[in-house]
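Okay, here's what each chain looks like letter by letter:
Number of protein chains: 2
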Amino acid sequence: MINNKKIILPKGFKANGLSCGLKKSGKPDLALIYSLIPALASAKFTTSSIIAAPLIVCKAHLRSAKKFQAVLVNSANANCFTGKAGIKDAQACVDYLAGELKINKNSVLVNSTGIIGKRLDVAKIKQAIPQLVAGLSDTGIHKAETAIMTTDTFAKEISLSLKVEGKLVNICGIAKGAGMIAPNMATMLCFILTDAVITQAALNKALASAVDKSFNCISVDGCMSTNDTVLVLANAAAGNKVISAGADFENFAKALEFVCLGLAKMVVADAEGATKFIQIDVCQAKNMQEAKSIALGIANSMLFKTAVFGENPNFGRVAAAVGASGFNIKEEQLKIKLGSLKGKQVKLTVSLSRGKSKCTVYTSDLTPEYIRINAEYN
Amino acid sequence: MINNKKIILPKGFKANGLSCGLKKSGKPDLALIYSLIPALASAKFTTSSIIAAPLIVCKAHLRSAKKFQAVLVNSANANCFTGKAGIKDAQACVDYLAGELKINKNSVLVNSTGIIGKRLDVAKIKQAIPQLVAGLSDTGIHKAETAIMTTDTFAKEISLSLKVEGKLVNICGIAKGAGMIAPNMATMLCFILTDAVITQAALNKALASAVDKSFNCISVDGCMSTNDTVLVLANAAAGNKVISAGADFENFAKALEFVCLGLAKMVVADAEGATKFIQIDVCQAKNMQEAKSIALGIANSMLFKTAVFGENPNFGRVAAAVGASGFNIKEEQLKIKLGSLKGKQVKLTVSLSRGKSKCTVYTSDLTPEYIRINAEYN
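Chains as they are written, first to last, in our numbering: chain A, -2 to 375; chain B, -2 to 375.
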């Protein structure tokens, strides 16, 4: 596994991003990822029962088509809670883009992020699509990752390469996060591109496992979003021996997990208003579910998060969160080790003396700045 | 039901409060409630698996004795996560007080509130007990309610009277709250005194119902505490016909619920750093559990709470919280009505078009002041 310092877009992919006028600031707000070759796709969506219009369109396309060539994403507006009109709006963007790219409508995927409950300005998006398509390039991923940002303070990208029986396979991921980040599925937008040759089943399995160990182990504010998506496209341009099982699969899955975990950590590091990056290790749990639930219970405790912000080693709040977890953990089973709170990185270890399972969860502190950002966001 | 403007301590009760030196500020921190006549008791405790030492002592006494005469409460220290030593400390306070009052040790109940994980200074409490006992009076409830405060900005009391077949029965309740307030049981300390003649079964039933509709319907920060308790003492001094069932029971239960709901609302109104009192009505739910879970899900959404603080009518955050609730509510079933955010009182109505059940939950906004208080609290 080669961790690429410079981001490398896998073979056969192009990307672009620009400002179409959805953001009042004039910052980039429309991104396009394009694969020259139809690619397999696998996705994980929010488990919320209220999902955004573009996700409804995406899910329909993922059911009706087998291969995909384009992903269109806008920021500033989530196109959620917009009813049937919202679905038509998302479909209109897809249809228009398919026409410009001269590809099948069903091979276009779409997503949105931003304010909930407002109609999308389709005219602005349509007007910008020709320029967006014309500007597609091998280096455009930087523009795309900037265009999907909302309150993010930095663009999130990671790329690595691995050898699959002598052939170089590339994986590149971009993400946006910042707020409304909770586990139980894709907790932000993340797009991963790979030129690997892989079976659909292997791609699905690798993504499900990677998401479970990364995006489902982070929490900023415990608030699950309506739009969140982790999507991987695999266009087979690397020409490697097809990945389906065995060591090749394990290596690919490990690389995909590395990409997802790297992006997930960046999302936490860039949490709205955060001053601390907190790693919570829950160990000696009876099983994985117990370890994860307790770790997330602590991660979502406002009192714990404010204590970390205040550099206040109030381990009683950790005990309270563990006690409230519903797993009947007794005081005498519980050992809490809270590292120094002075730096940017904080590590909390909770040992339960109940078994051998362990889970690591990442979160941020809760600060007045988080409140300022979310009180004003509109 | 007569809502007493001036607080009336039910017959046969006395109370007192003073400073024994646990609070560095020198403010009152030790309270005593005393019944001249042994009284029935009923209590609801936190459902946390990690509970404070005084609760362990209390629960043992509630099992071993049938009647009770005294409740000793200190603030500033929760005597929780203090192991066996903490239990001995709580027992030492109880034993010493029983000696001073010349009553059975098992008839003394005890509670604590404040920082978790620090040993209680028993010497300070013992030293103050003679003066605390000597100062017991019919008007001492004001002193008691002040002495149980932590970050509360005002003392919480309510008193009312009702006629039970011609006899006047009094109920008086005091509470402390402020932070670490979440449903699923007693979410703060609350002591209710009544001179009613009532059966143990009727008292238990009335309290369980009242708590369910009041303290279990409020949330400040979603953090469940290790110490929280709602305790009612009934000393039978009113001489009414015994309350067991029928209209007398219904009237008493209604009065007890009124007391609990009144105190619960005061706790929310005095939430740490809060600038808004938010009422959330979820209606047209399939059943009560659905209505309550969804209402509490909204009440605990940091994004909703910060939006209210910012007077930002972001109803998308309500939709997101409903979608994340796990009840598979669809967008087309959901109607959201958010009243004006300009005043101190905010009302949110969520209609689900799924049934006839309704639940009302009370919460507060999330503010930078909440973070300041909890970042510094130690």
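Since the hints were derived computationally from the structure, they do not count as laboratory data.
The model shown is predicted, which means the values in this text are computed figures rather than measured ones.
You may find that some hints are simply not true.
All copies of an identical chain are treated as equivalent in the list; a pair is satisfied when it fits inside any one copy or across any two copies.
[Stated by the list, open to error] The calculated lysine-lysine pairs, modelled on DSBU-like cross-linking and capped at a C-alpha distance of 35 Å, are:
no.	residue 1	residue 2
1	Lys334	Lys81
2	Lys262	Lys327
3	Lys24	Lys238
4	Lys332	Lys85
5	Lys164	Lys210
6	Lys334	Lys85
7	Lys115	Lys353
8	Lys283	Lys121
9	Lys123	Lys81
10	Lys327	Lys210
11	Lys20	Lys341
12	Lys164	Lys85
13	Lys85	Lys283
14	Lys283	Lys99
15	Lys99	Lys344
16	Lys344	Lys3
17	Lys123	Lys332
18	Lys8	Lys327
19	Lys332	Lys56
20	Lys355	Lys2
21	Lys102	Lys238
22	Lys56	Lys355
Quick rundown of the hints versus the structure:
Taking the shortest alpha-carbon separations for Lys334 and Lys81, only the inter-copy value of 20 Å comes in at or below 35 Å, while the best intra-copy value is 51 Å. In this assembly of identical chains, the alpha carbons of Lys262 and Lys327 lie at most 35 Å apart whether taken from the same copy (31 Å) or from different copies (32 Å). Proximity of Lys24 to Lys238 under the C-alpha cut-off of 35 Å is found in neither arrangement, the shortest distances being 42 Å within a copy and 75 Å between copies. Taking identical chains as interchangeable, the C-alpha atoms of Lys332 and Lys85 lie at most 35 Å apart only when they sit on different chains, with a minimum of 21 Å there against 54 Å within one chain.
When the C-alpha separation of Lys164 and Lys210 is checked against a cutoff of 35 Å, the pair qualifies only within one copy, where the shortest distance is 27 Å, while the shortest distance between copies is 65 Å. For a Cα distance limit of 35 Å, the shortest separation of Lys334 from Lys85 across copies, 25 Å, qualifies, whereas the shortest one inside one copy, 53 Å, does not. In the homo-oligomer, the alpha carbons of Lys115 and Lys353 lie at most 35 Å apart only across protomers (30 Å), although the nearest pairing inside one protomer, at 48 Å, exceeds that limit. Neither within a single protomer nor between protomers do Lys283 and Lys121 lie at most 35 Å apart by alpha-carbon distance, with minima of 53 Å and 42 Å respectively.
Within a single copy, Lys123 and Lys81 get their C-alpha atoms as close as 19 Å, which meets the 35 Å cut-off; across copies the closest is 69 Å, which misses it. In this homomeric assembly, Lys327 and Lys210 come within 35 Å of each other (Cα to Cα) both inside a single copy, at 27 Å, and across copies, at 29 Å. Taking the shortest Cα distances, Lys20 and Lys341 sit within 35 Å of each other both inside one copy (31 Å) and across copies (32 Å). For the homomeric pair Lys164 and Lys85, neither the shortest alpha-carbon distance inside one copy (43 Å) nor that between copies (69 Å) is at most 35 Å.
Within a single copy, Lys85 and Lys283 get their C-alpha atoms only as close as 48 Å, which misses the 35 Å cut-off; across copies the closest is 31 Å, which meets it. Neither within a single protomer nor between protomers do Lys283 and Lys99 lie at most 35 Å apart by alpha-carbon distance, with minima of 54 Å and 48 Å respectively. Taking the closest pair of Cα atoms, Lys99 and Lys344 never come within 35 Å of each other, the shortest separation being 51 Å inside a single copy and 51 Å across copies. For a Cα distance limit of 35 Å, the shortest separation of Lys344 from Lys3 inside one copy, 29 Å, qualifies, whereas the shortest one across copies, 52 Å, does not.
For a Cα distance limit of 35 Å, the shortest separation of Lys123 from Lys332 across copies, 31 Å, qualifies, whereas the shortest one inside one copy, 57 Å, does not. Neither within a single protomer nor between protomers do Lys8 and Lys327 lie at most 35 Å apart by alpha-carbon distance, with minima of 54 Å and 40 Å respectively. For a Cα distance limit of 35 Å, the shortest separation of Lys332 from Lys56 across copies, 25 Å, qualifies, whereas the shortest one inside one copy, 44 Å, does not. Only within a single protomer do Lys355 and Lys2 lie at most 35 Å apart by alpha-carbon distance; the minimum there is 31 Å, versus 56 Å between protomers.
Proximity of Lys102 to Lys238 under the C-alpha cut-off of 35 Å is restricted to the intra-copy arrangement: shortest distance 30 Å within a copy versus 79 Å between copies. Proximity of Lys56 to Lys355 under the C-alpha cut-off of 35 Å is found in both arrangements, the shortest distances being 34 Å within a copy and 34 Å between copies.
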